[in-house]
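Residue numbers (our numbering), protein chains in the order written: chain A, 1 to 206; chain B, 1001 to 1603.
Don't read these hints as lab results, they were simulated from the structure. Remember, predicted model here, so these are calculated numbers, not experimental data. Be careful, since some hints might not be right.
Said to hold, decoys possible - Selected chain A positions facing chain B (Cβ under 10 angstroms, derived; list incomplete):
#: 1; residue: Val65
#: 2; residue: Gln73
#: 3; residue: Val79
#: 4; residue: Glu83
#: 5; residue: Ser92
#: 6; residue: Asp101
#: 7; residue: Ser130
#: 8; residue: Leu181
#: 9; residue: Glu201
We put the beta carbon where it would ideally sit given N, CA and C, even for glycine.
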Amino acid sequence: MHLLNSADNNDPPQDRMRSIRGRRLSRLLFLALLTWSAAAMAQVQDATERAIRLDQTIQALKDEVLDISRDAQSVENAVLAPEDQRVSIYVSVGVRGLLLDEVSVAIDGAPADVYHYDEHDARAMLAAHSSQRVLRTAVAVGPHRIRFSYSGHYADAKPDTPPTTGQYEAIFDKDYRESELEFSVSRASRFGEQMRAGMKEWRRQQ
Amino acid sequence: MSLRPTTGALAAVLILASATAGAAEIYVPGTITDPRIRAAEYLDQNDRHFSAIVELLLIAGSNDPLRMPAELQSRLAANYLSFGMRDRAEALYRHLATTATDPLDAGRAQLRVAEFEYQRGYTAEARATLARMRETLPEELQLDWQDLMARVLMSDARYGAAAEILGEGKKSRDQSPFSLYNLGVALINDGRAPQGQTVLDRVGRLVPKDVEELALRDRANLSLGWHFLQAKQGGTALPIFSRVRVEGPFSNRALLGLGWSELSPQGERIQKAQVGDENLDATPFTTFSTLGVLLRPGFSEEDIFKRAGLRAFRLTRASKDDEDNLKRALVPWVELISRDPMDTAVQEAWLAIPFTLDRLGAFTQALQYYERAVDVLETARVRMDTAMTSIRQGRMVETIVRRELDSEAGWKWQLLDLPDAPETYFLQTLIAEHRFQEALKNYRDVRMMMRAMESWSQRLAAVEVSYGSGERPAAKPDDQVRRARTGWSPPWAGMPIKLRTDTQLSAPGTYSDPAPTQTVTMPHSSCRCRAPASTARSSARAPRRGGSPACGPSSRPWPPSRRSCCRTWPSPSWKARSGRSMAISSRRALRSRAFMTARSRAK
Chain A
1 MHLLNSADNN DPPQDRMRSI RGRRLSRLLF LALLTWSAAA MAQVQDATER AIRLDQTIQA
61 LKDEVLDISR DAQSVENAVL APEDQRVSIY VSVGVRGLLL DEVSVAIDGA PADVYHYDEH
121 DARAMLAAHS SQRVLRTAVA VGPHRIRFSY SGHYADAKPD TPPTTGQYEA IFDKDYRESE
181 LEFSVSRASR FGEQMRAGMK EWRRQQ
Chain B
1001 MSLRPTTGAL AAVLILASAT AGAAEIYVPG TITDPRIRAA EYLDQNDRHF SAIVELLLIA
1061 GSNDPLRMPA ELQSRLAANY LSFGMRDRAE ALYRHLATTA TDPLDAGRAQ LRVAEFEYQR
1121 GYTAEARATL ARMRETLPEE LQLDWQDLMA RVLMSDARYG AAAEILGEGK KSRDQSPFSL
1181 YNLGVALIND GRAPQGQTVL DRVGRLVPKD VEELALRDRA NLSLGWHFLQ AKQGGTALPI
1241 FSRVRVEGPF SNRALLGLGW SELSPQGERI QKAQVGDENL DATPFTTFST LGVLLRPGFS
1301 EEDIFKRAGL RAFRLTRASK DDEDNLKRAL VPWVELISRD PMDTAVQEAW LAIPFTLDRL
1361 GAFTQALQYY ERAVDVLETA RVRMDTAMTS IRQGRMVETI VRRELDSEAG WKWQLLDLPD
1421 APETYFLQTL IAEHRFQEAL KNYRDVRMMM RAMESWSQRL AAVEVSYGSG ERPAAKPDDQ
1481 VRRARTGWSP PWAGMPIKLR TDTQLSAPGT YSDPAPTQTV TMPHSSCRCR APASTARSSA
1541 RAPRRGGSPA CGPSSRPWPP SRRSCCRTWP SPSWKARSGR SMAISSRRAL RSRAFMTARS
1601 RAK
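Make the full structure from the sequences, and use the hints.
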């Protein structure tokens, strides 16, 4: 605005020409600025829209991958551990602050399946209603001997403290339905210091 | 005090239960007693959301998750959201909201959805979600709602509306310092600068409880200081910059501002605007690690030129006041130029010092400083070129992604530290933004899924080998039938069935015409079975339907029989029945089926 009003009609022609050039230049600059800012705004909006479109495409992709994974898992379960032979072993911890280091499960004379925990895994075990499936395998119908052992430490234990360990051995009868066994580590009594491992069998309601 | 054994020694508990396990406990699939649901919970807690979703989908099976128990739905929704699948999660949460018994849980879930929408850039959707939940919002979530709604509005540059939201209801003492900071920024951007300044000043003097609040305090002081500096209120900006820590993410910019505050117009004394809760200002926070300590008497007066690397000189054009101001401005700037020259604040300080010297007439010293600044900036330019090359190669992003390649944390994944790369410095501000973080999370997720698919490809190949090897024990047909019949009830169950004498039927053996027969070739080439024409097609198709391999020495027979893979049927007594009685039976069967279909539809 200052540039537009600065030229006087009494000024010499050179100054007027300069003034007109200045006006044109300022208008051009103003227009360029407007165009640039509009383009910049459009660019930002376009980038946001593209990001949203991409996010939705990825959501659809995730959906497909999840479907494939579910089907693949289903096929793997059906082939490697058919439901009539399937045994699923779960582990849960009911002692606050007890972080598992490892658990092992062995059925009959088969080599034990050992699961090692890092800090993050072990803490996840302490969440309410949390239990981990450590093994899914196939066995024949009939009685089987199962052996479970664990080792862990308390979150505030000193490095030289010996680990807390325990084991449980039992015989379970496998029938033509899937067997779901849960081993839980808990205190033997409410105020006691002894740990106790227990086993529970679950059956799906038909 | 710890409740664990004080002996700390081995507490080995050996229980040998030679007896068989007790009776099984029954669970309803999809409820909290379902061990698979609890396994999904473990996966969720372990940030393995992808696996948790697969587990939950397997529990649902062919059922629509919306028809499964609420425990499954809520876990599925939470994992969907954590894995960045907003649309799926929202559908489940909406359904859960209609049946929710705990409004607090429902409210928290809605807030999580809105937070996700805000971070991913779905601001309109986030606003809609927040507006929708407002009517049923529990009191406990009021502040969280306000905070999120204000952030959403501010991201759309609707500062006035954001200030209104943050200013309503609760007193400021109940609000988090972050909400207060946002309120201050919203007020200033809405043109209500005096109120905004007061609110930011309050945040700038809060007693921090943790490192985050300390950083927020610095940021509030920095924002407010530069706001005053731009308004030519150097005198007001000076003490505000002085509150910022000497070492911190905002200290460089504050040092720069501190120097300029000494040289800029001091301005008029500003009256504080009243915003209520004024008594909160009575708890100023002081520490020796703030920038104000740099300006202590003596530190700025003695040897500042020496510390700036300048020889003794006489100022020809400077008054006493100007010389004092210059000395005080040099204190923070000399400190600043000793820091990383890649920081723009440091680079500006390298130019600000000679500029000021030049203005005061110390031309030789200004020239010396300009020459040193050229060297510093040239070095910075070379580093910037290296960084640009590195950015184009995508090395830093690749390094970030490679660190936790198989992490399934999805939306909950957090970038905790940055790799040591040339471009890290330049990208740290960009990386801190939601738009970069969320895109990076999506990129990570896609990489993780690609690896999951590769893994499945190998696992399924192994499954195929196992399936074809015949190593698996053959399933006992009786067990399979028993298992299939578990929980099965006949479709006519509950239907009253009465016995009556059917006078229309002919006595067996009245008709002597043999039923038409057709030879059926069973999969085993050596077995030839005979079946009636009406059943021939279905019998021939049976092996393929069952998915059983051809009957042979190493495979299971079809139809299942322990003795032989083939059997002649129908039985002689069935074969003896007349064509007429078969037709009547077929018609009755059809009628019965039609009736049952109609019945099931009526249900």
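Comparing the hints with the structure gives:
{"no.": "1", "hint": "Val65", "in the structure": "holds, 5 angstroms"}
{"no.": "2", "hint": "Gln73", "in the structure": "holds, 6 angstroms"}
{"no.": "3", "hint": "Val79", "in the structure": "holds, 5 angstroms"}
{"no.": "4", "hint": "Glu83", "in the structure": "holds, 7 angstroms"}
{"no.": "5", "hint": "Ser92", "in the structure": "holds, 7 angstroms"}
{"no.": "6", "hint": "Asp101", "in the structure": "violated, 13 angstroms"}
{"no.": "7", "hint": "Ser130", "in the structure": "holds, 4 angstroms"}
{"no.": "8", "hint": "Leu181", "in the structure": "holds, 8 angstroms"}
{"no.": "9", "hint": "Glu201", "in the structure": "holds, 4 angstroms"}
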